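For the protein sequence lines, the chains are D and V, in the order given.
1 is the number of the first residue of the first sequence in this note's numbering; add one for each residue after it.
1 is the number of the first residue of the second sequence in this note's numbering; add one for each residue after it.
Be aware that one or more of the hints could be misleading.
Said to hold, decoys possible - Only part of the chain D face toward chain V is listed, based on derived beta-carbon distances under 8 Å:
(1) 42
(2) 79
(3) 82
(4) 89
(5) 90
(6) 99
These are computed hints drawn from the structure, not numbers from a lab.
This one's a predicted model, so the numbers in the text were calculated from it and none came from an experiment.
Glycine is no exception: its CB is placed at the ideal position from the N, C-alpha and C atoms.
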Amino acid sequence: MKRLIIYISLALFPTMPVLALAEENLVVVANTGGQELTLTREQVRNLFMGASLGYDFRPLALPPRNRTRSLFNTQVIGLTEARIQSYWSQMKFTGRMNPPREFNNKDELLSFIESHEGTVTYLPADVVIPSGLTIVYSTD
Amino acid sequence: MPPLHLLKRVCRLLLTAFRLKSGMRYFVSFLLLFNALSVKAISLTDNLDVSGFARVIGGYMDGAESQDFGGYENSISLGQESLLAIQPTYSLTDSLSITGQLLAHSSENRDSGAEWMYLSYRPDSAWHFRAGKLRMPFFSYSDSLDVGYSYPWISAPNQVYRNYLFSTFKGASGSYNYTGLNYSLNLEAYYGYYDGDILIAGKRVDVDGKLTDLTGVVLNLSSHNFGLRLSYHYAYNESIIYSLLSLQQALEQAGFSDSARSVDSKGDVNFFEAALTYDTLSSFYKAEWVHTTTEFQAAPELTGYYFTAGYIIGDWTLRATYAASAYSETHAEDEVQAFLDSGIIPPGSPQYAQLSELADGYYQLFQSLPDGSLDTYTLGARWDFDLNMALKLDVSYLEETAPRSGFFATPSTGFYTEENVSDRYSATLYQLGWEWIF
Numbered sequence: 001m002k003r004l005i006i007y008i009s010l011a012l013f014p015t016m017p018v019l020a021l022a023e024e025n026l027v028v029v030a031n032t033g034g035q036e037l038t039l040t041r042e043q044v045r046n047l048f049m050g051a052s053l054g055y056d057f058r059p060l061a062l063p064p065r066n067r068t069r070s071l072f073n074t075q076v077i078g079l080t081e082a083r084i085q086s087y088w089s090q091m092k093f094t095g096r097m098n099p100p101r102e103f104n105n106k107d108e109l110l111s112f113i114e115s116h117e118g119t120v121t122y123l124p125a126d127v128v129i130p131s132g133l134t135i136v137y138s139t140d
Numbered sequence: 001m002p003p004l005h006l007l008k009r010v011c012r013l014l015l016t017a018f019r020l021k022s023g024m025r026y027f028v029s030f031l032l033l034f035n036a037l038s039v040k041a042i043s044l045t046d047n048l049d050v051s052g053f054a055r056v057i058g059g060y061m062d063g064a065e066s067q068d069f070g071g072y073e074n075s076i077s078l079g080q081e082s083l084l085a086i087q088p089t090y091s092l093t094d095s096l097s098i099t100g101q102l103l104a105h106s107s108e109n110r111d112s113g114a115e116w117m118y119l120s121y122r123p124d125s126a127w128h129f130r131a132g133k134l135r136m137p138f139f140s141y142s143d144s145l146d147v148g149y150s151y152p153w154i155s156a157p158n159q160v161y162r163n164y165l166f167s168t169f170k171g172a173s174g175s176y177n178y179t180g181l182n183y184s185l186n187l188e189a190y191y192g193y194y195d196g197d198i199l200i201a202g203k204r205v206d207v208d209g210k211l212t213d214l215t216g217v218v219l220n221l222s223s224h225n226f227g228l229r230l231s232y233h234y235a236y237n238e239s240i241i242y243s244l245l246s247l248q249q250a251l252e253q254a255g256f257s258d259s260a261r262s263v264d265s266k267g268d269v270n271f272f273e274a275a276l277t278y279d280t281l282s283s284f285y286k287a288e289w290v291h292t293t294t295e296f297q298a299a300p301e302l303t304g305y306y307f308t309a310g311y312i313i314g315d316w317t318l319r320a321t322y323a324a325s326a327y328s329e330t331h332a333e334d335e336v337q338a339f340l341d342s343g344i345i346p347p348g349s350p351q352y353a354q355l356s357e358l359a360d361g362y363y364q365l366f367q368s369l370p371d372g373s374l375d376t377y378t379l380g381a382r383w384d385f386d387l388n389m390a391l392k393l394d395v396s397y398l399e400e401t402a403p404r405s406g407f408f409a410t411p412s413t414g415f416y417t418e419e420n421v422s423d424r425y426s427a428t429l430y431q432l433g434w435e436w437i438f
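Could you build the full structure based on these sequences and the hints that come with them?
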């Protein structure tokens with residue numbers, strides 16, 4: 001019976017594990033060229049939704065269905081993946097903005113960000129951050 | 001073959017497919033869609049990026065026999081809102097690009113072709129300028145109405161989104177965005193003109209549409225879970241309504257200049273809008289209100305609004321929407337009747353008969369204007385079954401709360417006829433849709 005309930009709830013709520021994601025922490029790191037900087041959650045959210053922070057920051061992202069991206073959607077953006085995709089479809093097809101460039105995994109992302117000043121991304125809190133990058137926000 | 005050539009050929013093929021008559025059109029379109037399913041947004045070269053969207057919408061209306069609502073009747077129809085669009089963007093430099101959006105639309109009331117075509121200049125991350133053919137950013141979803149994936153419903157509330165008379169303009173726009181510690185704002189302004197078809201309740205009417213001095217400002221403000229959109233749009237209307245031309249001339253010749261002026265559509269048109277949203281991970285709420293005023297005495301004011309609430313469970317979204325619209329009262333000038341009543345011309349004379357015929361035509365027109373109201377209750381579901389694809393189901397109950405809401409079939413003149421002038425319609429509309437972006 002217990003197993004049946006689990007099956008049914010998995011069928012009904014395929015993204016249920018999202019709730020468990022709230023437990024893990026994230027950091028947002030930027031290549032600021034050595035400059036110290038902290039951002040609020042709202043600033044990070046706006047930056048990844050396409051707004052300008054006044055600095056020429058370029059947000060970079062992990063692909064949909066990536067665990068860290070799901071964590072970021074839940075904890076910082078506050079919208080489901082489908083709603084984020086809907087938002088970007090509106091922005092893109094009305095010619096306003098394009099979504100952040102996506103990288104396949106965090107290693108590719110880290111090597112790109114290390115060599116490009118002004119880039120920003122999110123990573124799991126337990127990743128060793130290279131010395132050239134600055135933590136600008138933490139969900140901790 | 002160079003990528004641009006290839007792209008042109010593909011677009012031409014798609015447009016041809018949509019122009020084919022009858023069921024064949026859908027068959028070909030479906031084949032093309034099916035073929036393209038494996039395609040994601042592609043970069044044909046470093047500088048050329050191609051993306052697009054498609055929707056297949058089927059609908060059936062139960063009730064209001066012999067009428068149609070946005071093209072839906074009491075038979076299953078796929079040809080009202082189904083479409084396919086391709087958007088190529090060519091980057092000239094890091095900050096300068098050209099974008100087009102080529103649309104193949106299944107509705108006979110919409111032209112297929114370039115919906116957008118503009119040059120874009122982005123000097124930094126805060127400023128953005130565009131010039132060319134753009135879509136009117138009237139209300140929250142006005143410029144993305146073709147992109148069904150971008151909004152929750154199958155058809156965005158008619159009371160707000162089907163009432164605007166034109167959807168594109170030629171001109172330029174500039175926008176600025178800024179983020180504070182706890183908010184972000186975007187301010188957009190544009191200027192341009194429109195020359196082309198006029199739609200009333202989504203139907204092409206016999207009007208030579210021309211609007212000049214098109215000006216507008218749009219403010220978007222968001223903070224935490226709240227979003228606010230305020231906008232104001234202005235245009236000077238120079239459109240010619242052919243069905244009113246002879247009446248206007250006859251009134252003018254008879255010396256009734258106030259009456260002649262009252263059927264002249266020329267003048268200022270103003271659009272006001274306010275929208276408020278509240279979003280969480282598992283729910284959303286949105287209200288939008290629009291108000292239009294004109295100097296055209298036969299179409300003075302129109303108000304439309306909706307409330308919608310959605311609940312998200314996994315890949316499913318369930319939603320309820322209430323929408324309503326109302327026109328202000330129209331007033332005919334009384335000078336013709338007053339003149340007839342004055343006895344200056346003896347009743348029974350040929351002159352009197354001629355004049356009372358003119359009066360009849362004039363007063364009948366004011367009786368046949370769309371000045372009623374419509375309420376809509378919609379329950380719907382959206383299933384995001386795959387990344388960038390969704391299925392939607394909507395059931396709407398439509399009820400005219402006063403006759404002549406302007407939404408159930410109006411003839412090509414835009415005015416009601418003697419047969420349906422006092423009818424009050426209600427119906428249930430069932431819609432099923434498939435949305436896709438690539």
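Hints versus structure:
Interface hint at residue 42 of chain D: satisfied, since its Cβ lies 5 Å from the closest Cβ of chain V, which is below the 8 Å cut-off. Annotation: residue 79 of chain D was flagged as interfacial toward chain V, and the flag holds, the nearest CB pair being 6 Å apart, inside 8 Å. With 8 Å as the threshold, the beta carbon of residue 82 of chain D comes within range of chain V, its nearest partner Cβ sitting at about 4 Å, so the hint holds. The beta carbon of residue 89 of chain D is positioned within 8 Å of a beta carbon in chain V (closest approach about 5 Å), and the interface hint is therefore held.
This hint holds: residue 90 of chain D has a C-beta 4 Å from the nearest C-beta of chain V, less than the 8 Å allowed. Taken as an interface hint, residue 99 of chain D does not check out: its beta carbon lies about 10 Å from the nearest beta carbon of chain V, beyond 8 Å.
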